[in-house]
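Given only the sequences and the hints, what does the whole structure look like? Please build it.
Protein chains: 4
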Amino acid sequence: MKKEKIVLAYSGGLDTSVAIKWLQDKYNFDVIAVALDVGEGKDLEFVKNKALDVGAIKSYVVDAKSLFADEYVLPALQANLLYESKYPLISALSRPLIAKVLVGIAEKEGAVAVAHGCTGKGNDQVRFDVAFTALNPDLKIVAPVREWAMSRDEEIAYAEENGIPVPVDIDNPYSVDQNLWGRSNECGILEDPWAEAPKGAYDLTTDPVDAPDKPQVVQITFEQGKPVSLDGEAMEFSQLILKLNQIAGKHGVGRIDHVENRLVGIKSREIYEAPAALTLISAHQELEALTLPREVAQFKPTVEQKLAQTVYDGLWYSPLTKALQAFIEQTQTHVSGTVKVKLYKGHAQVIGRESAQSLYDFDLATYKPEDSFDHEAALGFIKLWGLPTKVHAAVNQTNAVTDEAIENVVVDVKEAVKQ
Amino acid sequence: MKKEKIVLAYSGGLDTSVAIKWLQDKYNFDVIAVALDVGEGKDLEFVKNKALDVGAIKSYVVDAKSLFADEYVLPALQANLLYESKYPLISALSRPLIAKVLVGIAEKEGAVAVAHGCTGKGNDQVRFDVAFTALNPDLKIVAPVREWAMSRDEEIAYAEENGIPVPVDIDNPYSVDQNLWGRSNECGILEDPWAEAPKGAYDLTTDPVDAPDKPQVVQITFEQGKPVSLDGEAMEFSQLILKLNQIAGKHGVGRIDHVENRLVGIKSREIYEAPAALTLISAHQELEALTLPREVAQFKPTVEQKLAQTVYDGLWYSPLTKALQAFIEQTQTHVSGTVKVKLYKGHAQVIGRESAQSLYDFDLATYKPEDSFDHEAALGFIKLWGLPTKVHAAVNQTNAVTDEAIENVVVDVKEAVKQ
Amino acid sequence: MKKEKIVLAYSGGLDTSVAIKWLQDKYNFDVIAVALDVGEGKDLEFVKNKALDVGAIKSYVVDAKSLFADEYVLPALQANLLYESKYPLISALSRPLIAKVLVGIAEKEGAVAVAHGCTGKGNDQVRFDVAFTALNPDLKIVAPVREWAMSRDEEIAYAEENGIPVPVDIDNPYSVDQNLWGRSNECGILEDPWAEAPKGAYDLTTDPVDAPDKPQVVQITFEQGKPVSLDGEAMEFSQLILKLNQIAGKHGVGRIDHVENRLVGIKSREIYEAPAALTLISAHQELEALTLPREVAQFKPTVEQKLAQTVYDGLWYSPLTKALQAFIEQTQTHVSGTVKVKLYKGHAQVIGRESAQSLYDFDLATYKPEDSFDHEAALGFIKLWGLPTKVHAAVNQTNAVTDEAIENVVVDVKEAVKQ
Amino acid sequence: MKKEKIVLAYSGGLDTSVAIKWLQDKYNFDVIAVALDVGEGKDLEFVKNKALDVGAIKSYVVDAKSLFADEYVLPALQANLLYESKYPLISALSRPLIAKVLVGIAEKEGAVAVAHGCTGKGNDQVRFDVAFTALNPDLKIVAPVREWAMSRDEEIAYAEENGIPVPVDIDNPYSVDQNLWGRSNECGILEDPWAEAPKGAYDLTTDPVDAPDKPQVVQITFEQGKPVSLDGEAMEFSQLILKLNQIAGKHGVGRIDHVENRLVGIKSREIYEAPAALTLISAHQELEALTLPREVAQFKPTVEQKLAQTVYDGLWYSPLTKALQAFIEQTQTHVSGTVKVKLYKGHAQVIGRESAQSLYDFDLATYKPEDSFDHEAALGFIKLWGLPTKVHAAVNQTNAVTDEAIENVVVDVKEAVKQ
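Chains as they are written, first to last, in UniProt numbering: chain S, 1 to 419; chain Z, 1 to 419; chain A, 1 to 419; chain B, 1 to 419.
Since the hints were derived computationally from the structure, they do not count as laboratory data.
Treat identical chains as interchangeable: a pair holds within one or across any two.
When the alpha-carbon atoms are kept at most 16 angstroms apart in a straight line, the in silico EDC-like pairs for lysine to aspartate or glutamate are as follows:
#1 Lys340 / Asp192
#2 Lys140 / Glu107
#3 Lys340 / Glu196
#4 Lys226 / Asp70
#5 Lys342 / Glu196
Structure (structure tokens):
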């Protein structure tokens, strides 16, 4: 009888290598391995061959850097997405793309199932499972690591029995995921939220103390909310991110130490590095400050927060994501211009911004003689603006100045008054 | 006939000194000057005498530092208030207190009016006027600078005619306001948002490049959302802020360069320095990350944003402020613990946090054998969590993987597959 | 010298008729009158001639019913817009259209100014002025009624002097505005919020007590959020509204008695009638309940509220409106189907709804044997869903059952326990 | 060996009667039955004895009507809680109280477990389980109906074998839950959302067609957001609700037909009756319209929506509920006054409202000569209010009137213009 096929998200690491064998043993599947490069700098050739070596019948490797940058990272940047104001959604953005490629290949190959290597405790299992279900509800989902209940030692024994190479750094205490938009790191020593993350927890960023002693200013140019050039040099978005990761990383920019609320109900302590992401988000926000009218600027954060939550929670393929993105996209029409960011010792500081669409109006803003602002108008404005508060106070006498606190400070200085 | 009295918010500067004379000339008022120290380090004795010298009939000076810290700054810290995610509301917090003291003194003195020195273009005029109206709608409000329409030169001439001392640094291009919570600076060269703020624009903070080469770690202890000790030493909140301004300022922490949307409808470019404010807000946020349950952590920002807007917009005495603060206060019950912050070259980075009320549960979070998390539960959770997205996808076939983009990346690698 | 031209929003009533003359007298303008029919059932021919009779040099009359329905009312319906949950934004929707037509004609005619007949106290002046400014900031705006400060008697005298016909019902105590989407009525007796509105305040709706004794069920069919047929008969949206106004109005449906917060800071008591609007909004909401996935259904109200506020506040031409509408539009893709509404004695009750895009899944929802819902999954779901609350309770012992209240009820029944 | 005790939420119906036996058989528990009267009009004596008859070792019956009204319903009314704008959270409000009483009794009795009769598909299981966990995480939770997997016929057979009386109306197609705040009904014929609910689905409300032909006006007086008298007669809140259920129910008021999104991910069609709830919420909202200042009125709905969601989702004992309630409570300080509601043929219409704290200011609102509103102020207000939109339009020329649509309507009428 012909065996059924399963398409596995393959990383090249121990877990998914063991999974190839385990899916054969336990479910009698033919396993098709798929590895995507979304900017982590994988040796795709090596990964491709390793999958085949440990038993995959086919091994796809996909360079998805541009696709990832343009269709997953860009909407996140335009919405300044930071989950809980801190986490730039690194892995949360790549999961929906990986799921989509897997489903696409599964359909092409006539597979009946898809698989991922997530545990039962993280957010990524939710992102994969919900994405698979949304993209093709007929595909069965298998999550070997969540299912097999092997301890680390048992897994290593299983690998050795089955001729699966065990990495030399198997005792590495960190669990890392990385792509264009950054790197996440959890586990081990990091699990104590009081302990400072050790130097070894970081890889993309220089320790600020060791970073260059001279600040570096970069200029980032945006067109309709999309970064199009760095220091005047036009480049593809994915290339710009990679380059900026190097520059900002060298200056120690992008370290995030966060205790975050996972969708599965627990708090976890995470170390992220996102040099380009944090630099670009800061720059983008400042350009928006210049080019978005007040009303948009003040409601957009509500949409941003909801979108960050939605993406974090694995609902990329929910229609809500589309609707929120439609809002965001509409706001980017005039977000064009250039931002200067000073990178220095762990910090990215915007120090200047300009735009042909700037709504900063010198003649309105200046206190110099060329002031064109109508100072009289303010009087009428204030009168009506404060009217509800005034009527409330008059009717309810709520704010009568009788606090003892005020009495006290005023009494205290009475002596100081010259008659 | 007995002259009517007016109570003026007096700073000791040129504008309000001229205002004392002008209020006498134009309105025939007896002027009572009131100067508050809310942490700007004024020489109150000097200010008191200057007011009398230029013609005030009485001169109050009020040390309001503790009052300001405890009743105006603390609620702002507990709500992590940053207007447009950047501005810690420095002046917006002091205005309602100054207004309250003025109204209190006006009532005590039987004055018929109150006065402030704001122009017709800023936010502070709104904050003063709305606060006065809410606190005592019967008091007339006079805003000499908004009203008199003198140019700078005319004002100087008027001062000289009337024996009002003109400051030697009258050509200082900056317009500064300062209190415990920070310092704001606008005007002149700063009006070009592309130009980096010059060194002279800053006063509370060392330029990061000149800051110490060695990081300094401070430990801040909170009880129910209130900072109570610094590096283990208990101190009053106002003192803690002043001390932290020095320490963090020395490390260049707290510089903010912002193009902001004013309530009066224009954008303005502002330079703020808030070493203690930014350090404390970061620390407080991280302690909240540890001690607030997810549901609170994820809705509180909505309340925070609204409160920031409300305070910025001069509505401190609106009942909305009270209601929002009631929410915030309720959330602080368990926000107790200690946070370590590393200050270095312009950056304040939280590197550790601990709390007896910590909701971070090692046994749930760990990937070690002591893991108590129920991995099975995740399966059921994901199924129901993703159900609406799944049903929608099944009914509307919205997410079928037919994008050309995916096709393309997958096609590209087909060659790479070993048969 | 050639006189400059002004384009006036002309209603045919006393105020704008007097304004034609006044604009000539006071400003020496040539007045071009423009009257739009947005569904109030005006006699356009009469209005056109009246304008010319009282002195306009040109008189445009524009049938804008379809345009109004399709481009202003439809987005409001799709967003279920009800300001303060009650007012369907009747006048707030027509003002931006009227302003646009006026500016269009002003540009075509080479006019230098535009004019409207609003007073200085309502919302409509804001809507007109902001719309004019957004559409063509070079046009001067004149608001004769706001400006002339004539009392009612003075105005009548002025009219009589200038041969302007004074309506016979000049003592009519109501001030009415009407279009396709409804009718608003303020003033006079209505100004006492305790007094019930008298019968004469209503015009589009039968008093429920006098409405037919037999309910009528109408079926409304939507395609992508747009009503396309009524009781199976396809019709243009503007026609469907007019027809439904008659049917629902006959049944007394659509009366709204509201104390509302105006943008200009005061509360006003308003009587609205909106038979079609309320019926269509109810039907549309119920169809959305069937076809929107939970996540969209639960965030859309946030966008709706903001859009209602934005439109009410006269910001139709703010970029925020566009962005919010982009969100709304995206959500309507699958809002197709038919809704049955029972109209009876003042009430419109949805009693059935069906859709090919229905997300109501009988097999999941039923309690019959064909139930396909995974009951086991609920266990895992609940465990993780409640985890943050559980950990918080365990750490902080917040919810220990020690309330006296509970003690008391339990103690009370102790006797009732059989041993 | 002594048997362990379990405390069961007992309704007197078949499911929980069978559960008593089943908990003995399957788990060898001693079962303590607890029945609460939260306003459903149970015969508590009968229920108490039935529990003992079918095998409970103890049977508590608790009259919790006042407690339920004052501590669970009142906060819901003050927040105008309607889940998805329609459902007044009837069962969602009683579950946390029942859970609290159960846990209280379990602690008093030394029980090791608690039990409820919910299935695995509804919301109530979540509400019970999360509440139990929050109140006492050490108690084991058993949900017999969710667990036993008996079909209806098997359950009846089990009952008959064990001498448990099977109700004569066992074929009743409805599944009903009822308390003071209303009655919910699901299942059977109701599962088709296109079919109108049959007459038999309703119990608390007269069919509007059969309701009295004469409207009845009731007056409801509130003090600080709490209803304290009905038609001038002071009464306890729980009594007021019961009485209003009768009056409004007689007039057919309170029927709700809703397709709602359950927390467990499915849509279900529900029929609710809530005569008092809908009448009181309308009245309360109108009183708020009169007494809340604009800023509060416009933000409160955001808090209300969140609280409705939180309560619906079973998070009554989450700290978020407390914080949201703190906000709501603060807003009620001045919500005092009387509201007239006209009940007629299925509809409750507020027709008048008065309050000593009314913020409706006749002198500001009137168009009569006593008008005290400053019409001049509007000019300044509009100028600054519209400034961001104006600057944006000027910079980006976004709104130039070039739509073909406008061109067309204007062109169409050109003929109509008299030269």
